[in-house]
Amino acid sequence: ETGVTQTPRHLVMGMTNKKSLKCEQHLGHNAMYWYKQSAKKPLELMFVYSLEERVENNSVPSRFSPECPNSSHLFLHLHTLQPEDSALYLCASSQEGQGLRNGYTFGSGTRLTVV
Amino acid sequence: SQKIEQNSEALNIQEGKTATLTCNYTNYSPAYLQWYRQDPGRGPVFLLLIRENEKEKRKERLKVTFDTTLKQSLFHITASQPADSATYLCARGLSSASKIIFGSGTRLSIRP
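The listed protein sequences derive, respectively, from chains A and P.
One point on numbering: in this note's numbering, the residue at position 54 of the first sequence is 91, and numbering is uninterrupted.
One point on numbering: in this note's numbering, the residue at position 63 of the second sequence is 620, and numbering is uninterrupted.
Okay, chain A solo, but in the shape it has when bound (with noise of 0.2 Å):
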């Protein structure tokens, strides 16, 4: 384990379903991200978190609603998805001013597949 705890590993939803992602983190790390991975494409930015504020939402839909309740605990909420959104959605976090020298630390991922 990273230090970076993702649930569930594995979800299939369908187009109408109302589900959610869940990351934790045992670091003390003040900043976390949510990335989209699909295939063949780099990993995409979509939430970050710094101090439990969102400031950054690079123009995802509205489908994907983000909540970061205290430094340690990230979600994102899924409603009325695409099947191309399925996806590997890793969450990581970090130190701020620290992301540079110790890099960021991820989750092993939520494998997504919508039918």
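Check before you lean on any hint, since a few could be wrong.
[Said to hold, decoys possible] Cβ-to-Cβ under 8 Å is the rule here; a few derived chain A residues that face chain P:
id	residue
1	A76
2	K77
3	E93
4	C105
5	R138
6	S145
Calculated from the structure, these hints are not laboratory results.
Predicted, not measured: the structure shown is a model, and the values here were computed from it.
Positions of the beta carbon are idealized from the N, C-alpha and C atoms, including for glycine.
Once you have looked at the hints, place chain P on chain A.
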């Protein structure tokens, strides 16, 4: 745009040889570049960072270079082993406060 590009989708080499992966950028100057390793079904793992004012950085069998004239970073694995087989991602940051943006990765396969 300020993308980071890894031109080789896949690289296959013989065990014991040096693997060299390339990362290119255009139209901007990143303050630093990072390299990550990603295994199937797992998240990326941070390996090395190199700053724009550094020419070279080493860590065990890994070596990273940063050539601001060529706008390129090279990632070398010497004495490669089958266990080094993975996807390697290059990432850039524009400043110490900026978020990092990733390249699409190079899948490295080391054959025995």
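Evaluated hints:
no.	hint	in the structure
1	A76	violated, 10 Å
2	K77	holds, 7 Å
3	E93	holds, 7 Å
4	C105	violated, 15 Å
5	R138	holds, 6 Å
6	S145	holds, 5 Å
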